[in-house]
Amino acid sequence: MGDDGLIHWGWIERGLADPIGTALLQHLQLSLIPIALGLLAALPLGIAAARWPKAYPPLLGAVNVLYALPSIALFFLLLPYTGLTIWTAVLPLAAYTLAILVPNVVDGLRQVPDHVRQAAVAMGFGPLRRLLQVELPVAVPAVIAGLRVAAVSTISMVSVASLVGLGGLGGLILRDGFNNRFATPIIVGVLLTVALAFLVDAVLVLVQRLLTPWARRTGAEVRR
Amino acid sequence: MNVGDLMAAWFSDPANWSGPAGIPARFGEHVLYSALAMAVAALIAIPAGLLTGHTGRGGFLAVTLANVGRALPTIGVMFLVVLVMGIGLVPIEVALVVLAIPPILVNTYEGVRAVEPGLTDAARGMGMRAPQVLLRLELPVAAPMVLLGLRTAAIQVVATATIAAYAGAGGLGKFIFDGQKRQEFGMVAGGSLLVVLLAVLVIAFFALLSRVAVARGLRAGAAAGRR
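Just so you know, the protein sequences line up as chains A and B, in that order. Heads up: the first sequence runs through residues 1 to 224, numbered per our numbering. Heads up: the second sequence runs through residues 1001 to 1227, numbered per our numbering.
Isolated chain B, as found in the complex (with noise of 0.2 Å):
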């Protein structure tokens, strides 16, 4: 039996779709998980990008923040993270917000920076003032920007979260480590087109989030843009 069959024998056995440990309760986690540490990155990192943006102060190490990050193993800061602290929900979203705060925190800054001066002036001269400009100027014409640097962090989110299942989380890693352990490699096939899946749908998500979320005059330039 070639893999094909055995995941696809893994998959059509119903005994896989229900309870804690099935495919919806899997995924369900895996979800939960990536969009918890996914909010809270959003909170910390959003504004820091809009205020050094908006100021142009600690930019230099915005940048070199986004950098490190890049260059960072996840296993590294994962593995690390639940050593220190111990097995359980906490270590592992501390060590996902570490891993997505970098590219939301460098693209909203740039984002901002990105924004014509001439803009800025004639808001300003229409009598806005700081926390207007920031808010109803500098964030909308920004917002190609952050979504691209929350759909950076994303992709990488749920590609952690998978590895957080060998540092004892659930989530859709589970099925490709249990599997791997017990030799069950319909199982491991099936966890990885799982995760595969759940991709797919984040870059899905994201670009119906910029239908909605991007003023019709700046959609165009949304595709270019720094990962």
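Pulled out of the complex, with its shape left as it was, chain A reads as follows (with noise of 0.2 Å):
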């Protein structure tokens, strides 16, 4: 075993399925659920907002004065009334995506051409069905460029949830690491939350492929 200072294998190898794959799993957990409640709710505030585009600058600037606020205040307040739930940490976490998300589903309705909106209507669409089967599938590109950066940001930002007592990979850089002032764990939590990203962004470009199998046939060239 080479343990050069910072890393210490052996520790790595005793630990593999616990404390760090349970500490993986959780964050996997804690990032993927307001991901994913942060775009259902950016899917109708958007729609919303580009449909009536007065709304859209107050609710462009509350989304934004949400996302400034420090993620370790917000657990902290909610503590009292959330407790050692994973609500704490998965209610600011969705509130921030939205700050990313509600823009790029705007643009992304916007940027759908006229005629193409006029071809759909002469088809004799209504409104609903124009919306679920002609506008969102061209937001599709803008929407999925918004949720990589809500994506890689919120793992990131899981782990301050350690700090009120929840998991996830911050447990293993706060409990196991820092407080026993060893560092292998906290590298460890570092590499692999940074993995993680770099990961679920993998999979949403995978996604993005397969749900806009046009862009791929003409080659275009996708925003962002």
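Among the hints, a few may not be true.
Stated by the list, open to error - Label-pair restraints from in silico Cβ distances: (1) B:T1055 / A:A202: 26 to 34 Å; (2) A:T22 / B:G1004: 34 to 42 Å; (3) B:A1204 / A:A119: 40 to 48 Å.
Calculated from the structure, these hints are not laboratory results. Since the structure is predicted, the reported quantities are computational estimates derived from the model, not experimental observations. We put the beta carbon where it would ideally sit given N, CA and C, even for glycine.
Both chains are given apart, each in its own frame, so use the hints to dock them into the complex.
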């Protein structure tokens, strides 16, 4: 075993399943739920803002201010109400994704060319069917571009939740690492967080390719 | 007594407003940590971003750095630096600077890259040399993006400076972690609320700064950009 200072390989080998594996799975859960909730909220908000442009600037201002509030403060302010449940982390993290997702949904919907929209109307599509079958699919690349940014920053921010007592890779960093004055778990936690972020990012790129086959066929360049 | 009442009681206790552990002192510490880190990060990242943007070289590196920077867990960076370098102001500033550089660098880079080639051609045609093109044209035109990068970094730094209290620093985070240790929830909530207040002040500061520092003809363009 080469234990050169910061990396203690023996600890990594012993802790591969627990605490490392468990922390990784918890981290995935703590980040995927807020991303999914954020998307669920951002779609109707974005659709509404694209339809009523007057409502967009105040909405954008609100989500941007929300985004600027430090997660650690929001976690601790929520803690008395939600306790040590995942909601303490999930609710603020979901709110943060709105600042990234709502503008991308709106931009995506605004990108729908007028002639495409008119063609849909001419084919007898009602507003709902036009939205679901024409406008949202055209907006997919912009929405996924937003999801990618939101996913990476959420995965990185989840670690802060360990300070209120929740798990995830932040728990590895804080409890196994810093509290024991032991660098290896911190390094493992940081590297796994970055790796997880890039993995989820790659999955989203793949999802986009599957959802937008026309972009591949025409080789059209996708924004961002 | 619910948390709101506990917090009100904490805020209204005059003992919490004086001395080196009082609210004004901790607020000042927090601002000082953050401002120092921002100044150092800006001194490194703005020139680097201007140069990479102007020459077009090293852009891939800047963008990659920004992507990795966004994925880095702030508490991991903070705790690792403190563990390796020891407790003190320098390690904390190092960690904050490391986290602040990527957003400033990439936004400055992209701001300069986005300057219309027609403008730089015109500047050259007027006889401007490269440093003049950079400082008198590209920097002012890229100003909204530079400010966006600074704002993103400042938000990150204020949040992470809170966490620094866990690693032995002062600042507003001290209220949160001391309160947690002593089970004084009014103090925890009060400290958190002060952090929120500081974050709102930071946004207001940058809104004001963009009015002063961005040329009138450019202000509409400030909305778009990457985080």
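Going through the hints against the structure:
In this structure the supplied range 26 to 34 Å holds for T1055 (chain B) paired with A202 (chain A), their Cβ-Cβ distance being about 31 Å. A hinted range of 34 to 42 Å for the beta carbons of T22 (chain A) and G1004 (chain B) is consistent with their spacing of about 36 Å. A1204 (chain B) and A119 (chain A) have their C-beta atoms about 46 Å apart, which keeps the hinted 40 to 48 Å range intact.
Going through the hint list in order, the structure satisfies each hint without exception.
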